[in-house]
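Residue numbers (our numbering), protein chains in the order written: chain A, -18 to 403; chain B, 7 to 669; chain C, 12 to 217.
Read the hints as simulated data drawn from the structure, not as lab findings. Don't take every hint at face value.
What the hints assert, rightly or not - Restraint ranges, calculated between C-beta atoms of paired labels, are given here: (1) C/Leu70 / B/Arg607: 49 to 59 Å; (2) A/Ala88 / B/Gly319: 30 to 40 Å; (3) C/Ile217 / B/Leu248: 31 to 41 Å.
As the list claims (entries may be wrong) - Listed below are the simulated DSS-like cross-link pairs for lysine-lysine, each with C-alpha atoms no more than 30 Å apart in a straight line: (4) B/Lys34 / C/Lys36; (5) B/Lys556 / B/Lys571; (6) B/Lys152 / A/Lys374; (7) B/Lys556 / B/Lys657.
To be verified - Here are some, though not all, of the chain A residues that point toward chain B, as calculated from beta-carbon distances under 8 Å: (8) His364; (9) Ala365; (10) Glu368.
Think of the CB as a built atom: it goes at the ideal place given N, C-alpha and C, for glycine as much as any other residue.
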Amino acid sequence: MRFPNPPTRPGRWALAAAALAGSCLLSGCFWLDGPQSTFDPNGPVARAQLDLFYVTCWVTLAIFVLVGSTLAYAMIRFRARSDADTHAEPPEQHHGNPLVEVSLIAASVFSLVIIAIPTLKGVWFSYDVPEAERAGAYEVTATGYQWWFKFDYPNEAAQTTDAATGKPASAHLTTGNELVIPAGRAVHVSLRTVDVIHSFWVPKLAGKVDMVPNRGNSLWIKADNPGYFWGQCAEYCGESHAVMRFRVIALGPREFNDWLNSQMAPARSVPAAASTGAAIPKAQFVAYREFRRNEAGYTDRFDVSPLEAWRRQQVPNSGEDPALIAKGRELFGAKTCSSCHTIRGVDGAVGVQGPELTHVGARTTIAGGLLENNRDELHRWIHAPNEVKPGNKMWVNGYLLNNIRLTPADEDALIAFLESLK
Amino acid sequence: MEAIAKSDFVPKGEQAAKPLVLWRPMAKAGVLSWLTTVDHKRIGFLYGISGLFFLLVGGVEALLIRVQLAVPNNTFLTSAQYSEMFTMHGTTMIFLVVMPIGAAFFNFVMPLQIGARDVAFPRLNAFSFWTFLVGAIIVNLGWFMKAGAPDAGWVGYTPLTTRTFTPTHAIDMWVMGLQLLGVASIAAALNFIVTIINLRAPGMTMMRLPVFTWMTLFTSFLIILSFPAITIALIELMMDRLFGTNFFEVSNGGLPILWQHLFWIFGHPEVYILILPAMGIISEILPTFSRKPLFGYPIVVFSGASIGLLGFGVWSHHMFTSGLGTVATAAFALMTMAIAVPTGVKIFNWIGTLWGGHLSMRTPMMFALGFLWMFMIGGFSGVMHAAAPADLQQHGSYFIVAHFHYVLIGGSLFALLAGIQYWFPLMFGRRVSEFWGKMSFWLVFIGFNATFFPMHFLGLEGMPRRTYTYDGNMGWNLGNLISSVGAFILAAGVGVYLVTIVYTYFRGARTTRDPWDARTLEWSLQNPVPEYNFRAIPTVHARDGWWYEKRHSAEIEREAGEHAKAEDAHGGIHMPFQSIYPFLASVGILVGAIGTAVVDRADPALYPGFWGPKIAVTLAGGAIMFVSVVLWSLEGCEGYHIHLNDDGSVKGDDARGGYAAGH
Amino acid sequence: MSSDAPAATIDHHFDPTTSTGIPNKKILMWAFLASDCMFFGCLISTHLIYRLHPPPGTLAPRQVFSIELTSFSTFILLMSSLMMALAVNAIQKGNLKSMRWSLLTTIFFGCIFLGCQVYEFRNFVFEKHLTITNSILGSTFFTLTGTHGLHVLVGVIWLTGMLLYSFTGRLTERQAIDVESMGLYWHFVDIVWIVIFTAVYLLEYI
């Protein structure tokens, strides 16, 4: 390609820079298998959507090549090459050619039809669970909060205690920020919100659908195989929108059932008998890692195989300190955590504004899928939540809600307690 | 030849009543002359300058965003600051950059293209500009206040924008500012519609209108028909915020989805409001620099019309993820694909225009060809969005950010930059250096692609938009880094461009009349254009009027001489009086808007009952506006006559303007 | 002074100084009314959407509305349109006196309509306990009819201004277009009310 006569220097620079940028792009950006990549679908919905994307991509690419090469040819072929060219008698002043134009219109309509047909098929396919699988579909409800997700299992009865009578009762199972689903089975997700508009997006399983107030939206997903999938809120919902994340964990039938069974049980309590001689909480001297604002909330080890990390997380930690845990359990009420968080089996812990914590210790992440669930990150979160999620409801006017202060010893105990909730 | 003199002159012998006027500003230079100007060229210049100023503001906001996202887990901006940046970047670039620069061309070029001496309602035109400026001020006021700038995204989705979730005045200012920008746009659009329909020179039939004028007309219709939707949405939101109504109050049954519908019923035509003027500019530049008429003029015009029309039937493709249901989704997907046809037709016709031409690669042509390429890419990613199920993955991700920057920068902005270069000689009689012009083009072109091309991949890799931070393990690091570097190249390109045109304004090489050997009527004028535009209102004989005139100069000269004589016999060239009242009315609006949006609700203990500073300021503003409008109408749409010397200068006494005519 | 003007030479439907022969102000007004149509269209849609999806516990509109009063005020507004048409006709013929009387009647009818609306609003708020804040029906109803009332108020102010202006002696046949475009506005406000009356009130009784 050559450039107009007077000064060609900017043109040459431009080419060089374009070549450089192009090679960077080719080498770098085509790494397309990140945790939220839509190029790596793990379920039929995402796969159908990717296939449709490829259809649109190839059709438009073909048109681009055709039209682009015509344009490039015209630009080169009809360029005025010399001063004489520029001042030559003007070319023939013809005004158009109806035949050419009508055939081009017809051609574009035809290529759009190629896209339109799979689009229509896809619209109905993505919208709801296919007829054949509807009977066996698993039902969950996802609810958006500023800035975390609640997941309800309306058909699973979990054990709890009736607040009024103190007798055992049952309520449907609720978790937060980590949605565990059976792999290989269609899952119908009802989408709700309690405040602003959020959007439920697990790129590897399905495109997003919004959670709109006063509107009953839903979507369906199906994971082909067991796996660990990243999800994120995809509709701007306020200050901490960027850090409103969640996970979907798909498990095989047996593992899913085990998980359900463990979740149905009330909160695990660590028997004091096993802790003879450990009356003084020794963890007071634990030094927690300091974090910078916005620092990534996971370790490399976690990142290597998150599903394995999730499985590890199901097992109680060794060396638990029952006295410390007991103190934490007490503080959970005393420091009014219980007014916003439910822990089935802990008296008074029936709050619903914050995530359900009955089995929080068994989750891989905390703080809305943002931080890995370990001691340092737990400390980071309850020590200064606003540093992690600006504007979050646990932090009002510079300190924890209800003007609660936590001493380092309190934090130790609470962390030990939360970690014990497997 | 009845209609040659378009001015509202009084037939000889009839006495005009003495006008009811308190003060008639006559200044031809200085600040007052600018505040009271009704000259469409000056108003166009004011729009242009404001647009370029806000281009810098919006550009700085964009750079701050790109710095924050250059590396993962960055702490350059806080989340709150970042939200302000992207909200204001979007609002600024759409309402305060592309629209006013488009309006600058409508104002400056369109009346010249149709052979008119001004727009139909010169004072209304001034009012449009001042109200636009007031809106711009109100939207940006938050930067200087404790409440901060608006931070809910340029779409302002409820219920995030309701008082429950954003109690500060930031959103009040956004609502009020947008409202005023809407008023300004509608007033301006009404004016352009009347001008194009009614002030065409003799012989300028509709099918001889330059395509840019056609696109002005379509854009104006889109503005008057789509802005009411956002006006209503904003009124409802404002009522919710100020008076506690329940339009979007979820607990009382409000439906936030209604906001989305109203917003996008406006918002999608708005997209065409941004791109149609650009298409018009391109349709002027390509024929000029190919030295050929536009290929398939009627089809280009009708495709513009069908884009405008279909633009009202596709709004819900912005809402594919909001759970429309299958039938609605399918319908809107098909409509959206349909709109690709007229858009594609335009591309074909532009290529047809180049075909067989003598392409002279001057700077405006470079930007225009850059537009063709970039707009094509933006159009193709648009078709990908039309495939609704695929869009569920793309919506709200960086893929869509890439798409609309390809159509808004690669499309609209490239065309506007091309237009500035193209009409610069006409506006200021100087020409931009080819070297620096092309330098800026290549910097902008490369920087733009480096910034936004990687975003396609970021989006498909699952990076959501409007996020202030991201983790390093998502595979987004390199794409973001390239994008941020590209943003600075783009900024350098825009910087070179602006410095070059400012330099040219003061020091550039002077040009002769019609430096590009152009085709449309505005180039028949000497440059810079005199205040009265046409010495004699021309008679148009062909579609490319000036191209015809150049080839039939003897005939045209004779004709023009006759017309000038006829006009002189009628009292000379009619010029509208300047007026301060449009400006004062806008000042009243500014005061009122500050009262409504910025002043705190009164403390009931201090101000029992209805009264308080908020009401007082609002009413004061309303009163100023009302008085100005009354005086404006009493002043009447009068003007004076000027006579010209042979060299085109205004004869001595006439420049002062006497009371010549009434209407 | 109107009688001095050569009435026969003025064709009010043709303006030789424009390309189409239609006066600028007329096109301006028509275009503005097109815009206003969309404006009311959106407001009416909002109202109807919420009427179709009422939240539980909303007052039934029938319990609130008083169809008799509203029918009366609708009739009055229709009559004002008639008077407006007479005023335009009068000024086109240069009959200033007749125009003044017609304008005055139009203003009077406009005021009656506004009075009815004020009465209706007070009645709804204080007797029927429907307020702008307590329900979505109230919010949409008062905003819609209030916006229309505001249009009527602007019209009344404009009419009054024109009436006063006619006493300066500057309003002649030549300026008939000023009265005519004001008339267009007034008719439009009237027609919009017919639509509102049908959609908001009458449909409830079918």
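Structure-based check of each hint:
In this structure, leucine 70 of chain C and arginine 607 of chain B break the distance hint of 49 to 59 Å, their C-beta atoms being roughly 28 Å apart. For alanine 88 of chain A and glycine 319 of chain B, the hinted distance range of 30 to 40 Å is not satisfied, since their beta carbons lie about 23 Å from each other. A C-beta distance of roughly 35 Å is found between isoleucine 217 of chain C and leucine 248 of chain B, which places it inside the suggested range of 31 to 41 Å. Distance check on the hinted pair: lysine 34 of chain B and lysine 36 of chain C sit about 28 Å apart at the alpha-carbon level, within 30 Å; holds.
Annotation: proposed proximity of lysine 556 of chain B to lysine 571 of chain B holds, straight-line Cα distance about 22 Å (limit 30 Å). The straight-line distance between the Cα atoms of lysine 152 of chain B and lysine 374 of chain A is roughly 22 Å, inside the 30 Å bound, and the hint therefore holds. With a C-alpha separation of about 28 Å, the suggested pairing of lysine 556 of chain B with lysine 657 of chain B holds against the 30 Å cut-off. Checking histidine 364 of chain A against chain B: minimum C-beta separation of about 18 Å lies over 8 Å; hint violated.
Taking 8 Å as the C-beta contact cut-off toward chain B, the hint placing alanine 365 of chain A at the interface is violated, the least distance being around 14 Å. For the restraint placing glutamate 368 of chain A at the interface with chain B, the shortest Cβ-Cβ distance is roughly 10 Å, beyond the 8 Å limit, so the hint is violated.
Hint compliance for this structure: hints 1, 2, 8, 9, 10 are broken, all remaining hints hold.
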